[in-house]
Amino acid sequence: MAATAAPEVRPDIDRDEETDSRTSLEPGFLVICWNDPVNLMDYVTHVFQVVFGWQRQKAERHMLQVHNQGKSVLTRDSLEKAEFYVHQLQRYTLHATMERDQE
Amino acid sequence: MKRLWARQKQLVFEISTRERDLLFEILRLYPLVPPAHHRLSKTDANDQFNENQRLLEEALAAQRAENRKHIQALLNEPGRFQTAPNGLLLKISRSETDWLLQVLNDVRVGSWIALGSPDTEAGEKILVNEETAPHVRSMEIAGAFETVLLDALTGGQDRSR
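Chains as they are written, first to last, in our numbering: chain W, 1 to 103; chain Y, 1001 to 1161.
FYI, nobody ran anything at the bench for these hints, they're computed from the structure.
Be aware that a few hints might be false.
Unchecked claim - Label-pair distances were calculated between CB atoms; the ranges are:
hint: 1; chain 1: W; residue 1: Gln-69; chain 2: Y; residue 2: Asp-1098; range: 23 to 29 Å
hint: 2; chain 1: Y; residue 1: Gly-1116; chain 2: W; residue 2: Leu-64; range: 23 to 29 Å
hint: 3; chain 1: Y; residue 1: Glu-1140; chain 2: W; residue 2: Glu-80; range: 36 to 42 Å
hint: 4; chain 1: W; residue 1: Glu-80; chain 2: Y; residue 2: Phe-1024; range: 38 to 44 Å
hint: 5; chain 1: W; residue 1: Asp-101; chain 2: Y; residue 2: Ser-1095; range: 30 to 36 Å
hint: 6; chain 1: W; residue 1: Lys-71; chain 2: Y; residue 2: Thr-1120; range: 17 to 23 Å
Stated by the list, open to error - Covered by chain W, per the in silico footprint, the following chain Y stretches (three or more residues, Cβ under 8 Å):
hint: 7; stretch: 1034–1043
hint: 8; stretch: 1058–1072
hint: 9; stretch: 1091–1104
hint: 10; stretch: 1118–1124
hint: 11; stretch: 1136–1148
Idealized CB from N, CA, C, for every residue including glycine.
With the sequences and hints as input, model every part of the structure.
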């Protein structure tokens, strides 16, 4: 049986970096699509399918939520992935942002 | 403009010369959405987010440059539009359809922004006059082409079979 290495005690500064790194990887960010009266409903559905790889039914459900409720939370993910998705959605000129999940 | 048939990787449309000219006119307007229109977050505004916002704008600018190259290729490629009995045939791949949708929607949204972003769903009217008419026109034409492309991607039976 391989021996388990003793945990290394690091100075405070290293612990802070660890915390930062963990934060960026934790799914603490919401990707939100906001209603825009100009975007066609079928277009929004198409974009959700392309960006997230969703089936049409799921994409339509989120599109309708955007249309009827003003916004839809599309996914909850890490900082980096949330940024990636927002960038993809904005490439298609959708009104998308990422917000910290307060819950 | 209407879809004639769809293959696994290619869509074929019948398009009149008038429609082709309108399509070119719309594509030449790209890009219309102002660079500062897109924000990464509504609430976060710390240094890290500002840096990420800058990176986002750079990435979008690179994407626009890429789309402009695609447009030039589409406008100048010989044989892209072939003469047919009822007008012209336009053949585009499914991946080209996707960037074409991006470009058309940029023109649509950019025109809407130029009109003052009217909330038509809340009953706000678009006043059509000499100044606003070009924006209304480009917004509506871009939307009409988008509808045809989206319908071709998702709807209807293949008429060639």
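Here's how the hints hold up against the structure:
1. Gln-69(W) x Asp-1098(Y): 23 to 29 Å: With Cβ atoms ~27 Å apart, the hint holds.
2. Gly-1116(Y) x Leu-64(W): 23 to 29 Å: This hint holds: roughly 27 Å between Cβ atoms.
3. Glu-1140(Y) x Glu-80(W): 36 to 42 Å: 39 Å, holds
4. Glu-80(W) x Phe-1024(Y): 38 to 44 Å: 39 Å, holds
5. Asp-101(W) x Ser-1095(Y): 30 to 36 Å: 34 Å, holds
6. Lys-71(W) x Thr-1120(Y): 17 to 23 Å: At 18 Å between Cβs, range holds.
7. 1034–1043: holds (count 6)
8. 1058–1072: holds (count 3)
9. 1091–1104: Satisfied; 3 residues make the cut.
10. 1118–1124: Per the Cβ count (5), the hint holds.
11. 1136–1148: holds (count 4)
The structure shown violates none of the earlier numbered hints.
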